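S.K.: Here's the letter readout for the chains.
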Amino acid sequence: MRYLLISICLCLVGCASYTKKHGFKEIESIDKVVYNPYFSDATKDYVYKAKIEVYNKTFGGIFIVKKISEANHRVVFTTEMGSKIFDFSFNHDDFKVNYILEEMDKKILLNILKKDFRVLVREHGNILNKSVKENRTLLETEIVNKKYFYAFKNDQLNSISRVKMGKEKVQFIFSDISAITAKNIQILHHNIKLTIKLKSIN
Amino acid sequence: MRNILYILFLLVATVHSQEKMTTAEAIILKEKIKTQAAETKTITSDFVQYKHLDFLTNDIVTKGYLAFKMPDLVKWSYVDPFVYSVIFKDENLYINDEGQKSDVNLSSSKLFKQLNKMIVNSVKGDMFDDNEFEISYFINKKYSEVHFSPINKKIAKYIKAFHILFNSNGDVVEIKMIEPSDDYTRIVFSNRVLNKTVSDAVFAH
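Protein sequence lines, in the order shown, are assigned to chains A and B. When the count follows my numbering, it moves up by one through the first sequence with no breaks and lands on 202 for the last residue. When the count follows my numbering, it moves up by one through the second sequence with no breaks and lands on 407 for the last residue.
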């Protein structure tokens with residue numbers, strides 16, 4: 001019980017300090033839901049050239065996302081020559097591995113990929129807190145028990161950060177944005193040496 | 203009623219567009235392809251690759267060119283929509299991903315060595331090994347089509363079948379690699395030139 005209380009206190013201090021540390025001021029939010037539009041068009045095939053850097057090794061491939069229906073996405077990674085490496089389904093909070101190359105079928109790796117791609121394709125989240133600084137807004141939400149901050153500049157979603165104890169653990173950075181498509185996406189891990197870089201090719 | 207008949211007619215016509223070859227026709231085709239493959243010292247060709255995933259609205263289209271040199275050097279170069287090349291050489295894959303070079307050694311994995319050997323062999327179309335594949339022969343309009351289904355269960359987990367389309371000379375015009383899920387990669391060749399001098403420098407890395 002004591003540990004639980006300490007954890008809650010630390011989390012409260014940590015979460016609050018993240019926005020304050022960046023000079024944001026908390027305000028009341030009228031909107032209830034935060035929205036990520038970048039994989040929201042069910043008529044579109046999202047195809048990216050991917051570069052994955054993991055512990056000084058780099059390998060590439062094709063990263064594909066398709067919105068099948070509301071809150072239901074398919075996420076597939078293939079080599080440039082077309083061989084499938086993994087094929088996941090995200091349906092609300094459910095996660096299903098349709099296929100994974102045997103050599104990649106490691107629990108630790110699967111958990112990281114699951115967490116990353118769940119955030120990437122998730123369209124809606126409940127706003128827990130809202131903070132502002134000039135033309136920038138930070139919206140705090142929770143995805144499967146983890147805290148995330150959605151950073152907007154002039155109402156455009158620029159990044160999502162998973163934050164623990166006031167520190168960014170994982171960052172999703174969206175750039176070269178046109179309409180509701182992010183042509184460049186980077187997923188940066190700060191606690192392990194893993195970076196995923198995606199560049200739109202369609 | 204007329205509509206049903208029309209649909210039935212179309213179905214029959216579709217089935218007939220890929221007709222099974224007689225044993226005699228298959229033997230002649232096999233010999234022609236094997237002779238053609240044996241005489242092929244080099245190949246250069248353009249290609250268009252269609253990655254078909256059942257859930258996508260459109261296939262993913264990539265384009266590039268291929269170089270092959272006897273006995274087993276193959277280079278796939280993609281130029282659109284990204285620049286990427288992979289050289290199959292000895293037991294290594296040499297990759298150049300938009301200028302960033304890396305290599306993969308396959309010697310420790312018997313399975314990957316076998317898979318890569320198949321990809322290299324499929325370029326010439328000569329995969330007539332009854333111990334490795336269940337082989338069936340079809341006539342597909344003006345082309346001949348041969349289906350190679352790996353017998354080895356470990357390999358079949360990666361590739362369900364190769365469908366290779368040959369022209370009347372016994373040269374490969376199209377390769378389709380079908381996954382166990384029925385998603386596939388289809389490679390269509392054009393401007394294919396055989397036995398023109400191809401420098402070793404093409405396969406330097």
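Please keep in mind that the hints were generated in silico from the structure rather than gathered at the bench. Just so it is clear, the structure is predicted and the values come from calculations on it, not from any experiment. Careful: at least some of the hints might be erroneous.
What the hints assert, rightly or not - Short, incomplete list of chain A residues facing chain B, as computed with Cβ under 10 Å:
no. : residue
1   : 62
2   : 64
3   : 86
4   : 92
5   : 96
6   : 101
The beta carbon of each residue, even a glycine, is placed where N, CA and C say it ideally should be.
S.K.: Against this structure, judge whether each hint is valid.
M.R.: Results of checking the hints against the structure:
1. 62: This hint holds: residue 62 (chain A) lies near chain B, its Cβ roughly 7 Å from the closest one there, short of 10 Å.
2. 64: It holds, given that the least Cβ distance between residue 64 (chain A) and chain B is near 7 Å, below 10 Å.
3. 86: Where the cut-off is 10 Å and the nearest Cβ of chain B is about 12 Å from residue 86 (chain A), the hint is violated.
4. 92: 17 Å, violated
5. 96: 13 Å, violated
6. 101: Holds - the Cβ of residue 101 (chain A) comes within 10 Å of chain B, reaching about 8 Å at its closest.
Of the hints listed earlier, those the structure fails to meet are numbers 3, 4 and 5, in rising order.
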